[in-house]
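Novice: Construct all of the structure, not just a fragment, from the sequences and the given hints.
Number of protein chains: 2
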Amino acid sequence: MRQPSIRIVITSPLEPELIERIVAVDPRLDVVYPRDLLPVARYPADHAAPNPRDPEALAAWRSILEPAEILFDFGPRPLVAELASWPQLRWIQATSAGVGQFAARFGLDKSRIVVTTASGVHARPLAEFALMAMLMFGKGAFRLLADQRAHRWERYAGEELAARVVGIVGVGRIGREVARVARGLDARVIGTTRSVAGRPAGDLFLDRLVPTDELDAILGELDFLVLTCPHTPETEGLINAERLALLKPSAVLINLARGAVVDEPALIAALQAGRLAGAALDVVAQEPLPAESPLWDLPNVLISPHSASTAIGENGKITDLFCDNLQRYLEGCPLRNVLDYALLY
Amino acid sequence: MRQPSIRIVITSPLEPELIERIVAVDPRLDVVYPRDLLPVARYPADHAAPNPRDPEALAAWRSILEPAEILFDFGPRPLVAELASWPQLRWIQATSAGVGQFAARFGLDKSRIVVTTASGVHARPLAEFALMAMLMFGKGAFRLLADQRAHRWERYAGEELAARVVGIVGVGRIGREVARVARGLDARVIGTTRSVAGRPAGDLFLDRLVPTDELDAILGELDFLVLTCPHTPETEGLINAERLALLKPSAVLINLARGAVVDEPALIAALQAGRLAGAALDVVAQEPLPAESPLWDLPNVLISPHSASTAIGENGKITDLFCDNLQRYLEGCPLRNVLDYALLY
Chain A
0 MRQPSIRIVI
10 TSPLEPELIE
20 RIVAVDPRLD
30 VVYPRDLLPV
40 ARYPADHAAP
50 NPRDPEALAA
60 WRSILEPAEI
70 LFDFGPRPLV
80 AELASWPQLR
90 WIQATSAGVG
100 QFAARFGLDK
110 SRIVVTTASG
120 VHARPLAEFA
130 LMAMLMFGKG
140 AFRLLADQRA
150 HRWERYAGEE
160 LAARVVGIVG
170 VGRIGREVAR
180 VARGLDARVI
190 GTTRSVAGRP
200 AGDLFLDRLV
210 PTDELDAILG
220 ELDFLVLTCP
230 HTPETEGLIN
240 AERLALLKPS
250 AVLINLARGA
260 VVDEPALIAA
270 LQAGRLAGAA
280 LDVVAQEPLP
290 AESPLWDLPN
300 VLISPHSAST
310 AIGENGKITD
320 LFCDNLQRYL
330 EGCPLRNVLD
340 YALLY
Chain B
0 MRQPSIRIVI
10 TSPLEPELIE
20 RIVAVDPRLD
30 VVYPRDLLPV
40 ARYPADHAAP
50 NPRDPEALAA
60 WRSILEPAEI
70 LFDFGPRPLV
80 AELASWPQLR
90 WIQATSAGVG
100 QFAARFGLDK
110 SRIVVTTASG
120 VHARPLAEFA
130 LMAMLMFGKG
140 AFRLLADQRA
150 HRWERYAGEE
160 LAARVVGIVG
170 VGRIGREVAR
180 VARGLDARVI
190 GTTRSVAGRP
200 AGDLFLDRLV
210 PTDELDAILG
220 ELDFLVLTCP
230 HTPETEGLIN
240 AERLALLKPS
250 AVLINLARGA
260 VVDEPALIAA
270 LQAGRLAGAA
280 LDVVAQEPLP
290 AESPLWDLPN
300 VLISPHSAST
310 AIGENGKITD
320 LFCDNLQRYL
330 EGCPLRNVLD
340 YALLY
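Chains as they are written, first to last, in numbering that gives the first Met the number 0: chain A, 0 to 344; chain B, 0 to 344.
No wet-lab data here; the hints were simulated from the structure.
Treat the hints loosely; a few may be bogus.
Said to hold, decoys possible - Under the rule of at most 20 Å between Cα atoms (straight-line distance), these lysine to any residue pairs were calculated in the SDA-like manner:
1) B:K316 <-> A:K316
2) A:K316 <-> B:K109
3) A:K109 <-> A:L343
4) A:K316 <-> B:D339
5) B:K109 <-> B:K316
Said to hold, decoys possible - Now the in silico label distances, taken between C-beta atoms and shown as ranges:
6) A:P232 <-> B:R151: 29 to 35 Å
7) A:R198 <-> B:P298: 42 to 48 Å
8) B:R335 <-> A:P287: 52 to 58 Å
9) A:G201 <-> B:R151: 22 to 28 Å
10) B:R327 <-> A:A272: 32 to 38 Å
11) A:K247 <-> B:R89: 45 to 51 Å
12) A:E220 <-> B:D185: 26 to 32 Å
13) A:K109 <-> B:E220: 52 to 58 Å
14) A:G201 <-> B:I311: 24 to 30 Å
15) A:Y340 <-> B:P293: 55 to 61 Å
16) A:R274 <-> B:E220: 46 to 52 Å
17) A:R274 <-> B:G106: 53 to 59 Å
We treat Cβ as the ideally placed atom computed from N, Cα and C, and that holds for glycine.
Specialist: Structure follows, in structure tokens:
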């Protein structure tokens, strides 16, 4: 007697050898990779969502997806709002960490469907980006590059990261990795989390851990303010004009979280007025950043197109996580990285 | 009875509080800081050499220096050639690490005068510069900055430093620190030294240590080639056209050593032809880099005006070293960082 198969649909581009690894997890799996319906990856680890242009393509997607029990990524945007109502669907493995708001917007938080995030996968490249930004600002890379364009050889003294104070808002897996690399260069690191109970600062590579509620009390100490918190109702607009004013004029903001965590007009005003020394932004309020945004041309701003988390090899790590979760799923064990619908991370 | 005093002349700009620390080492010291004859520091830790313009200023310097037993820095350039013949002079504390060639050029290697270098002081800022360069090249910072100037939001995938292969030529204190920070991000690090005997790779934060003689055998493995060797007759022109050709086209050269270690025309040719992915150069053959050098405008080159070693707070570290050496000197103990006139480092 043939065992009932479990349909998995891979809904964003994935390398053939990684699909084979998923297929190899268990013979019961019916892994569908609708290559012809998927966009072509523009770069490694491009999790481009399909966006079917004609009714036939949409119908094709629906017929492939409706029998699915498991999705790898959320699938075509026009169908996301329907997911919560599909009776077969049990579990969606996301390809990024910050999907809480997205899942809530489409009602998944009110459904029986489990979403697992890719939390952890992006911690290292994001920490490297934060470290690069800290070094670029501390060592005057923007001045260096401007001098180079002007063929100007003008010696100067840079800063060392040692004893600089780094504040990390929202010490989850990304924040912990930022703390680790900053500590490796002897920075002093203060972290915040929603709740500090039972989380020893040392385990998080922190010199100090404070509740995010008490953020205002530490802002004046910071040389670098790094945002790694999830976007939740509590963190929306967290870094507003008042909090930006609490930072030293020599401080630099590094946003690895979501654009909505920062009051962007207030940030622009502070940068333009010299009340803040710089910003490295991997995320902005509206993405892509509109061509007319003043952020593009501010001399003390580094813009990254939400790519700091995207690393060659990322798909391999997500596939590792997915295969491990598949095993757990098949064995009826709790999955890793389950999105908490109350906390939205 | 008054004890004979020991004259020390500080011959490059130093902060008053640091001079006070030197004075406080011992009452026998006669510490002279000829403020009016010294150039003004243009930036923190500017070790600008005095360059007396008129005969009176030169005479004033000579009268201050001739009775000196100890110099902090080498003093006015027009007088350096005389130092070896002054009978009182016993010891010069340099403010940089790479002074071997300079000392030899002025005959100090043939004199009884001891030179101590500032080796170790610059290890951290140089390692940070190397790390910044590795992250900037690995994570596509040049592309990011070009996209930003064009107001272009184009997502892409960067590299992680993990498992990248870093080669360090000349693992002294700087190279060891470069290795330490690269290993902190899980790079694989291969180092070279003149002699590997008795130097376990692990103590140097290396995965492998090879004699510099065998450099050619490792060049093809490297993603980053970092030069931290002294400039000696053996290392002059070490990175020539043949060795550059052994590197992968995706490799990046980071020169923290001296410009003379690299065949600069060959480097430029390799960069222009795309046979090398990039270069971060803190040192060049002729400094300041001539305005007409093609290096300024190559899109895959980062030029630093020999300032990567210069950090705010550097003078404090050099003063720590000098005060410790002063104690040793007064007690007749061996000094730290004595320049080896045979090896020239």
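Novice: A separate judgement is required for each hint: does it hold in the structure or not?
Specialist: Outcome of the hint check:
1. B:K316 <-> A:K316: It is violated: about 43 Å lies between the C-alpha atoms, which goes past 20 Å.
2. A:K316 <-> B:K109: violated, 60 Å
3. A:K109 <-> A:L343: holds, 12 Å
4. A:K316 <-> B:D339: violated, 50 Å
5. B:K109 <-> B:K316: Violated, at about 29 Å.
6. A:P232 <-> B:R151: 29 to 35 Å: holds, 33 Å
7. A:R198 <-> B:P298: 42 to 48 Å: holds, 45 Å
8. B:R335 <-> A:P287: 52 to 58 Å: holds, 55 Å
9. A:G201 <-> B:R151: 22 to 28 Å: violated, 43 Å
10. B:R327 <-> A:A272: 32 to 38 Å: violated, 52 Å
11. A:K247 <-> B:R89: 45 to 51 Å: holds, 46 Å
12. A:E220 <-> B:D185: 26 to 32 Å: Once the Cβ atoms are compared, 30 Å apart, the range 26 to 32 Å for B:D185 and A:E220 holds.
13. A:K109 <-> B:E220: 52 to 58 Å: Taking Cβ atoms as reference, A:K109 and B:E220 lie about 54 Å apart, which means the hint holds.
14. A:G201 <-> B:I311: 24 to 30 Å: holds, 29 Å
15. A:Y340 <-> B:P293: 55 to 61 Å: Since the Cβ atoms of A:Y340 and B:P293 sit about 58 Å apart, the hinted range of 55 to 61 Å holds.
16. A:R274 <-> B:E220: 46 to 52 Å: For A:R274 and B:E220 the Cβ distance comes to about 48 Å; the hint holds.
17. A:R274 <-> B:G106: 53 to 59 Å: holds, 55 Å
In summary, the numbered hints that this structure violates are 1, 2, 4, 5, 9 and 10.
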